[in-house]
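Chemist: Modelling step: build the complete structure from the supplied sequences, incorporating the hints.
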Amino acid sequence: MVKDRLGEADCKENGWLLDGFPRTGAQAEALVDIGVSPDYVLLLDVPDEQLIKRVVRPPPPLSALPRLKGEPLARERWLPKRT
797 MVKDRLGEAD CKENGWLLDG FPRTGAQAEA LVDIGVSPDY VLLLDVPDEQ LIKRVVRPPP
857 PLSALPRLKG EPLARERWLP KRT
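First residue of the sequence shown: 797, per our numbering; consecutive thereafter.
Just so you know, these hints were derived from the structure itself, not from any lab. Just so we're clear, the structure is a prediction, and the values are computed from it rather than from any experiment. Using N, Cα and C, we set each Cβ at its ideal position, and we do this for glycine too. Treat the hints with caution; some may be incorrect.
[To be verified] Quick list of in silico lysine to aspartate or glutamate cross-link-like pairs, EDC-like style, CA-CA up to 16 angstroms:
1. Lys799 to Asp841
2. Lys799 to Asp829
3. Lys808 to Asp835
[Said to hold, decoys possible] Restraint-style ranges between C-beta atoms, simulated for each label pair:
4. Lys808 to Lys849: 37 to 47 angstroms
5. Gly803 to Leu847: 29 to 39 angstroms
6. Asp800 to Leu839: 19 to 29 angstroms
Modeler: What follows is the structure, given as structure tokens:
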């Protein structure tokens, strides 16, 4: 399934990102066996305490996040306008 998806035109043209995969050495070896190898690997080394805080504490409301003066809130940029 991964090989098929990564072989599609958009992945070939724009690149791809695997989030949380592979999780095991065997999965990584399987990717190598099918000819899949990333140009870059990003490892986020975050303390467990910080991860727990992020999961347990709800995010702030959008209105509390910093933004440029006059810039619409994120939801306003992506949601269609109601008429």
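Chemist: Each of the hints needs a verdict: does it hold here or not?
Modeler: How the hints compare with the structure:
{"no.": "1", "hint": "Lys799 to Asp841", "verdict": "28 angstroms, violated"}
{"no.": "2", "hint": "Lys799 to Asp829", "verdict": "10 angstroms, holds"}
{"no.": "3", "hint": "Lys808 to Asp835", "verdict": "13 angstroms, holds"}
{"no.": "4", "hint": "Lys808 to Lys849: 37 to 47 angstroms", "verdict": "39 angstroms, holds"}
{"no.": "5", "hint": "Gly803 to Leu847: 29 to 39 angstroms", "verdict": "34 angstroms, holds"}
{"no.": "6", "hint": "Asp800 to Leu839: 19 to 29 angstroms", "verdict": "26 angstroms, holds"}
In this structure, only the earlier hint numbered 1 is contradicted, and the remaining ones agree with it.
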